Each structure stands twice: as structure tokens, then as C-alpha cells.
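S.K.: So the sequence lines, in the order shown, correspond to chains A and B.
Residues are numbered in the numbering used here as their position in the first sequence, beginning at 1, plus a constant of 27.
Residues are numbered in the numbering used here as their position in the second sequence, beginning at 1, plus a constant of 27.
No lab work stands behind these hints: they were computed from the structure.
Just so you know, not all the hints are guaranteed correct.
For chains that are exact copies, the list does not tell them apart, and a pair is met inside one copy or across any two.
Computed list of lysine-lysine pairs in DSS-like fashion (alpha-carbon distance at most 27 Å, straight line) [claimed, not checked]:
#: 1; residue 1: LYS118; residue 2: LYS131
#: 2; residue 1: LYS131; residue 2: LYS73
#: 3; residue 1: LYS202; residue 2: LYS73
#: 4; residue 1: LYS121; residue 2: LYS73
#: 5; residue 1: LYS121; residue 2: LYS131
A quick note: this is a predicted structure, and the numbers were derived from the prediction, not measured.
Residue-level listing of the chains:
There are 2 protein chains.
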Amino acid sequence: MLVDGSVRRMLDALGSPDPTPGGGSASALASAAGASLLLMVARLPKTRNGSDDDRAALATASTALAALRETFIDAIDADTAAYDRVVAAYKMPKATADAQSARKEAIQRALVAATEVPLSVVRASAEALAHAAAVAAHGNASAASDVGVAVALLRAGAHGARLNVEINLGGLADKAYAERARQEVVRAAESAALDADNADALLR
Amino acid sequence: MLVDGSVRRMLDALGSPDPTPGGGSASALASAAGASLLLMVARLPKTRNGSDDDRAALATASTALAALRETFIDAIDADTAAYDRVVAAYKMPKATADAQSARKEAIQRALVAATEVPLSVVRASAEALAHAAAVAAHGNASAASDVGVAVALLRAGAHGARLNVEINLGGLADKAYAERARQEVVRAAESAALDADNADALLR
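One chain only, chain A, in its complex shape (with noise of 0.2 Å):
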């Protein structure tokens, strides 16, 4: 697993030429470090006016950001278990007709797979967007660089796992679940931008 092993591993297996990890797994690291710092500002003693307020909307916060971490810290393997499997998939011998049936079929099954992580990475980073605001406008005003921080990593983990779902769609032959994909991946992709953009305004 790369997330038990150390952070100079996997940023060393980041590096080597190997297929995996590689921007799947970066993504989904990248929004769980963000989704982190928010978590971290939301737990904060301290809150921007020490009000009732304050302590409701940052405590609804912390509950959705620490589920939402959990999601973006599986995903961290999940992509490249995911995208071992299509790698995998590729192999298969294709000798017969029978063979190139199966391997085919394999190959699309492990194609689903490996969008459905990346579109939950951009899926829960859009959610985790969604609290950012809540975060700047209740959490310690001396926090605010964490907070900028936070949102800057969840909008490059949402933009990097749409990257990594986008890649997948033209090899999917179910072109119904291609399409459904590519829509939610954009709207999420959007709904991210936009609150990445109203909690930057809040920090200014």
C-alpha cells in the first residue's frame, strides 16, 4: 500500500518510469492533503469571533472533510490497483477468437474501473470545495494561508483526476456510461472551480 509506506517512497515510485503510480494516485493525494488542511483549520480551538456560529459551521464541516479524506486517502491505492488492472488487462493473450473475447471484455471492465476512481476523486473533491468557504469565513482569521493552501490543492486534485477520467473515455465501449461520465465529471469539475473561486474571495 502507498499510503503505509513513507512519503519519499511514494514520491519516489511517482518518479520512476514505472506505469503506476502516476497522475490517478497524485491527484488523489493532492485533494487529500487539502481536504487535511481544511480539517485541520476547521478543528482549530481558536475560531474567527469564538461564536456559537462559528463552532456549528465548523463542526458540520469536520464531519463531511473527514469522510471526504478518507475517500481521497483509498483512492491514493485504488487508482493504481486500478490501473494495474487494465495494464493487466492488456496483456492477455489474443491468439484465438476466444482469448480476444475475453481480453477485450477484461480490458472494458478494468477501463470502468479506472474511471470510477478518478471520478470520485473529482466527485468528493467538489464536496470538499463545497465546505471551503464555510472554513474561510468561521475558521481563525490567522489560518487563512492553510485555507488558501486547502483550496488550491483540492481545485489541482479535481482538475487532475477529470485529466485522468477524460483519458479513459475514448477506450470505453459502453458509450452510454461514457457519456454519462463525461457530463458528471464536467459539472463537478465546474461546481469545484466555483467554490474553489467564492472561498478564495472570502481570504482576501
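Please build the complex by placing chain B on the supplied structure of chain A, with the hints as guidance.
M.R.: Just chain B now, with coordinates in the frame of chain A:
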């Protein structure tokens, strides 16, 4: 050391309400992952056209990116150490005039060091992004999404580190140093954004 601990441990530490690690270390992590992905693509045995031109351009990028990656990896822990020293300096005694003066000096020394680390991350992110166009143009076309993720991560790392430089500037007593740092961070961030846009344009 954060980089020798597990990925999960670093993400947990970013999410805890303790003051460090925070946005500075997270920004360095994002740029380290971005530089690693560019390095991965530059090291792939398959290049855009298999030409000598490709190989020469990618070898130049590889050498630079491997060094920049070390700068980012070092900055992950250096940023946390520098910020810990700022917190420690603020906690120094201030009962007498001598103690107040020693505390003031220690805070200033610590703030300069805490500015230098994210400044080095902005600078190195801009340098890494200066190689992104070459990797996008000469690297294996099937790794285009990895280059896109790398650009997004380095963009986020540069922006996040810039926020961490800027938050210190107001507290610096040496106004000439603060002004030089302010100008350098703007210049490096603008160059980073321009090179990121250029690389993204090559990927479309």
C-alpha cells in the same frame, strides 16, 4: 521527519489541530509530487517520436527535475521546522527589557527563515514548470494526463508557497528584505503561471 513517516501519518498530521505541519509543508508536498510526475514522463523509454531530439530534451529536463524534486522533499520538513521555531520564539519570556529584546530578535530571525523556505518552493516550482513544456512536447503522448496533473500540482504548490511567504511579510522588521521577498515571490509566481499555461496549451 515527515518524509520518512508514512503518507497516512503525514495526512493525519496535516489534519490535526496542531500548528505544524501546515500549508507550507503541504505546498512543498504538492510540488514534490508534480516534479516527480514530470520526471516519470521524462524518464519513460518511449518518447513522443523516438527521436534524438526528444531524448536530448528529456535528458536535460530529467537532470533539472531530479534536483528540484530534492529541494521540494527537503522543504516538506524544513517548512515545519522553520514554523516551529517561530512558535517557540513567540513563547520566549518577555518580563524584562533584555528578555523582550532577545525575544524580538529571535522572532525576526525565525520569521526570515520561515519566509525563505516557501520562497525556495515558489522559485523551484517556477523552475520545474519551465521544463513542463519540453516534457509535454517531447514526452510519450499517452502520458499527457500525467503531465497535466504535474502542471496542476506545481501550480498549486507555487500558489500555496506564495501565500506562505506573503503571510510573513507584514511581521518582518527588515522592510528592505520584506520588499525584496515580496517582489521575488510575485515575479516567480507570474513566471510559474505563464509556464503552466504554456504547458497546458501543448496538452490540449
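S.K.: Next step is simple, just say for each hint if it's right about the structure.
M.R.: Hints, one by one, checked against the model:
{"no.": "1", "hint": "LYS118 to LYS131", "result": "within (11 Å within a copy, 65 Å between copies)"}
{"no.": "2", "hint": "LYS131 to LYS73", "result": "between (56 Å within a copy, 25 Å between copies)"}
{"no.": "3", "hint": "LYS202 to LYS73", "result": "neither (51 Å within a copy, 30 Å between copies)"}
{"no.": "4", "hint": "LYS121 to LYS73", "result": "between (63 Å within a copy, 23 Å between copies)"}
{"no.": "5", "hint": "LYS121 to LYS131", "result": "within (9 Å within a copy, 73 Å between copies)"}
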